[in-house]
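**Q** Mind docking these for me? Both chains are given alone in their own frames, and the hints should help you get the complex.
Line by line, the protein sequences are chains A and B.
Number 254 in my numbering belongs to position 254 of the first sequence; there are no gaps in the numbering.
Number 60 in my numbering belongs to position 60 of the second sequence; there are no gaps in the numbering.
I should point out that these hints are in silico values taken from the structure, not numbers from a laboratory.
The C-beta atom is built at its ideal place from N, Cα and C for all residues, glycine as well.
A portion of the hints provided could be inaccurate.
Said to hold, decoys possible - Distance condition first, Cα-Cα at most 27 Å in a straight line; then the derived BS3-like pairs of lysine-lysine: (1) B:K19 to A:K131; (2) A:K88 to B:K129; (3) A:K70 to A:K88.
Stated by the list, open to error - Anything over 10 Å on all C-beta distances counts as not near chain B; from chain A, calculated: (4) V31; (5) D71; (6) R80; (7) L93; (8) S113; (9) W127; (10) R174.
Said to hold, decoys possible - Quick look at which bits of chain B chain A covers, simulated, 3 or more residues with Cβ under 8 Å: (11) 135–145; (12) 209–215; (13) 218–228.
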Amino acid sequence: MATTITPTAPQPAAVQPILEARGLCKAFGHVQALNNVNFELYRGEVVALIGDNGAGKSTLVKILSGIYRKDAGQILVDGRPVDIHGPKDAERLAGISTVYQDLALVDVRDVGSNIYLHMEPTRFGFWIDFKKLYADAERIIRTLRIDMPSVRVNVGELSGGQRQGVAIARALARGRHIFMLDEPTAALGVEQQHTVNELIANLKAEGKTVLVISHNLEHVFAVADRLIVLRRGRRVGTRLKTNTTREEIVGLITAAIQGDEEGNT
Amino acid sequence: MTTHKTTAPSPNFSQPLYKRVLNIPEIGVLGAVLVFFGAFVVANNTMAEPANLARMALQGTFLGVAAFGMAFLMIAGEIDLSSGSTAGLSAAVAGLLLHNVGWPEWASYTAALLAALLVGLLNSFIVLKIRMPSFFATLGTSFLAWGLAIWLLKGTWLYVGEMIPWLKSTLDPSPFFGLPYAFLTLLAAYVIGDQLMRRSVLGPALVAVGANPRAATIVGIPVAVVKTLCFVFVSLCCGIAGLLVIGYGGTTDAAIGEGWLLWVIAIVIIGGGSLRGGVGSILGVLLGVLLIQIIRIGLANAGVKTNAQGIVVGVILLGAAALDVLRRRVAQY
Ligand SMILES: Nc1ncnc2c1ncn2[C@@H]1O[C@H](COP(=O)(O)OP(=O)(O)OP(=O)(O)O)[C@@H](O)[C@H]1O
Ligand SMILES: [Mg+2]
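For reference, chain B alone in the conformation it holds in the complex (with noise of 0.2 Å):
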């Protein structure tokens, strides 16, 4: 969001405690999460409950298996604007193969994911190779899957509810908690993806290649590889989440990524992240899920309308970003 922030941060125990809360880079959407989870429960008694919990975690499950693809993407310095259209094509895909041609659920997934993996091949390949900002080339692809999907479905969405038993199985609840299966697959896969941030040598390697390219090339970091295995891979994620939103509803069009996009890279940003490459924390990502997910529930519990609910999100954004500024400054003097 703004000048310097670091990835890692190192424990200087030297300092004030204070000062070393406040430099943990998760803290403030930490502390978000925290309050507006109160404020809702104090103002709604709904809101903790197994059901209402179980509901977030599902909801958020869509968005959190994109934006988890586009924390990485987004330290290695790219972003993929496509990410939406490219959930809408996977669906699209998948549900034709199931409806009307009659494959097997395994194998529609599969042709749904590599229609998603080549989205991401032809990003990086505009990107790497022809050498365009992402911002511009992942727009045009974005239209392109968009436009794909829609041709593919002829306009029209396909009930594909009876097909698909394994994909509603992967959203039932499980014995934890009730928490969807899903969800609990993409906790633990946030949490690995943490750590392997935090303290494997991926870490550095894709810091070093979204904050100067340069200076991965000179170590030996193979950047054009890296970025061309993060477009890959928010891709490939984006086409998970598409499919899981047809185990969600049972029906398949081309609408279904729609309205993502601003909502993955908000949480990105509000998880540590920014439009600059070079830092990011895949756990203040997860957090930005839950936050994002805590408040949209929250206030539809609360009788708010979807439509008043982007005013709250943009001020809560704007608000975050003003407070991770003071943060910083107050950790700094």
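Chain A on its own, in the form it takes in the complex (with noise of 0.2 Å):
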């Protein structure tokens, strides 16, 4: 599988990243949930973000999704200041879809109402045109090369990976360029997991940028350009997936290995 994705270079410092994050810290109570962590996502780059539980890898994907609102530090799109007050302001200030681990799919409705939620294209702004909905719905699906029987069958009955499909063909049809995925596999089997890989392959290949949140390093390595490690609430490492081992990604997990950029970032 990981033959299939190419690696992108080392970003040039020049390159603006399309999403930043500055000092960012955030707690819940006495949990220092985040401390002072720096972020960068370069457009049309797959990073995984990695650490143990508790780390605060959800913490931060949903401070960028305008989930939680962070204690301190700062959001950048494109190099400019942004506030994030909510999940709207997330898709509309910069582009961001998060597709969460519960998926959040109406399951008693078919695949393309679900692509399409709230959405649908219409006539009058008010009726809606399935013809042209389900049509919509087909291309997307191809585009993701989601193995999916028809567009009208009901969410409630597709398997894990393909669920998975839909909410990531939903954030596609709104036309986000940011994709946050929260273990988008922890609950599926092997071959599952593989669908999602090609998923976000496929993200990739129609040029989006992908933030992959996940505990399973395979997959990460399948996957990922970039990978980012959080130690309870730190950032310790970066790597490029070409110049980086299994073992020292552990290493860096788990505290065997010294965080690079502790105290620092």
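**A** Encoded structure:
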């Protein structure tokens, strides 16, 4: 699988990140979930966010996608500071679409209706144009090469990998260009994980930028160009996939290897 | 009633005809309407007479109006146990203003519907702001509205028959098969509501709110606004139903909506709704209204006492649920 994804070259310093965070802090009571974390995402890359349980991965994603408010720090889109107060802002200002682990699909409706939920193609802005809806849904499913019997089957009847596909298709249909996936393979079998890897590769091929949280190193090394390691609320390492090994990454996660950016991020 | 149901069935033309027919969610209640109507016609030749049909339509209008509102609310994943009391409160306010204060019809009804609207707003406030499950919240407001109606009327009833010519006229038979104007209006409302749910952008949004509020929020549907509108709408419907009962009987008392609640919920569920939200069919609910009316009037015509009707309806409800489970199993495999 890994061979089908071409690693990007190291990002030159002059290239502006499309999404950047500086000095992010977030505490829950006494727990410092994020401690002065810097973060950057470059156009067209796939970044894996990894770290042990409670490292702060989900918290970082939730701040970027407007679910949590940050205690301190700054978020920049294309170099411009933005205020993200809610999921709407994240979508509008930053083009971020987040696919959460529960996927948030409407099981009683079919694939097409889920992909175009609340943005159905219409006549007179009110009556749904079902013909166009299903045709467009079909096209998106093909773009992502999701294996799907029909866009008219109920989402409740699909497998985990297919459901992940529908959630990503819904994000893609909304014209977002940054995709954040929180543990997309956690609940999936090997075959299904493979499907998600391909989905991510296809998103990248479409020129999209992807941030994926994962505990699964095989998955990470299969899809990511760059790896960012968090440990107990701090960013302790950043590696290009081509310049690192599973052993080094495990060492960074578990603190067997001293974090290289500790304190200065 | 049970596991997965589709609100908008997607025609899958590769399936055999019998499966496609079984996949229509309303097929069960439609079948029941036909079977029971046929059975009562055979048993009692007055059943199909125009006068009897008009009587069924007239009496079905009251529950039909309340069930119309409840259908949308239940699709949105909430329930309103205060519907009967809201009808009583609205009737009490109208009766009092007409009888004791001498307000004209239009002003009295406006005030009555405002009272109903306030109940709806209170319900949505408790459910959405205080975050109490609607089951408890509306149980509380049900007693509140009921008590208020009794207090307003001081426990008596008022005769307003002479003061409500317009309200009475809404229940007059129309040239169309002698069906009451109010019933025809309701019929039109059901057809429009069904089309809105099936073909407009409102349908998927309402279903998403009920089936998965998180999904609705993520795609930008204002869940709280939608639910508030549904709460207010069902209260207004119940308020209208309460007024129509005054128009029918000419009297008002706080007990007007007593016993409605179970009928209304039964109708929505027979029509394809679920207590868990996210599913339901407006057309199915209309068929549910017709079914309940056919059974009630049919049994009454056959000489079955009112208190025995409950037993029959209960058996039919359970039978319908069982048949529906069976239908979906056959359709699936
Ligand atoms: N809503 C919350 N309320 C209280 N504490 C929270 C909340 N969300 C996260 N935390 C705490 O913040 C820390 C970081 O949590 P976070 O969910 O970001 O970790 P994670 O890296 O995603 O872990 P996992 O791999 O288990 O998903 C944890 O100690 C967690 O208990
Ligand atoms: Mg997490």
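**Q** Hint by hint, note whether the structure agrees.
**A** Quick rundown of the hints versus the structure:
Of the supplied pair hints, the one linking K19 (chain B) and K131 (chain A) holds, its CA atoms being roughly 23 Å apart against a limit of 27 Å. At most 27 Å may separate the alpha-carbon atoms for a hinted pair to count; K88 (chain A) and K129 (chain B) meet this at roughly 21 Å. This hinted pair checks out: K70 (chain A) and K88 (chain A) have alpha carbons roughly 16 Å apart, not beyond 27 Å. Against chain B, the non-interface label of V31 (chain A) holds: every CB pair exceeds 10 Å, the least being about 24 Å.
Against chain B, the non-interface label of D71 (chain A) holds: every CB pair exceeds 10 Å, the least being about 24 Å. With a least beta-carbon separation of about 23 Å from chain B, R80 (chain A) lies farther than 10 Å from that chain, consistent with its non-interface assignment. The Cβ of L93 (chain A) sits about 14 Å from the closest Cβ of chain B, beyond the 10 Å cut-off, so the non-interface label holds. At roughly 6 Å from the closest C-beta of chain B, the C-beta of S113 (chain A) falls inside 10 Å, breaking its exclusion from the interface.
Distance to chain B contradicts W127 (chain A) as a non-interface residue, since its nearest Cβ pair spans about 5 Å, not more than 10 Å. In this structure R174 (chain A) is not separated from chain B by more than 10 Å, as the shortest Cβ-Cβ distance comes to only about 8 Å. Evaluation of the coverage hint for the stretch 135–145 of chain B: breached, as 0 residues show C-beta separations to chain A shorter than 8 Å, against a requirement of three. Coverage of the stretch 209–215 of chain B by chain A holds. Counting CB-CB distances below 8 Å, 4 residues qualify, and the rule asks for three or more.
With 4 residues bearing a CB less than 8 Å from a CB of chain A, the stretch 218–228 of chain B meets the requirement of three and the coverage assertion stands.
The earlier numbered hints that this structure contradicts are 8, 9, 10, 11.
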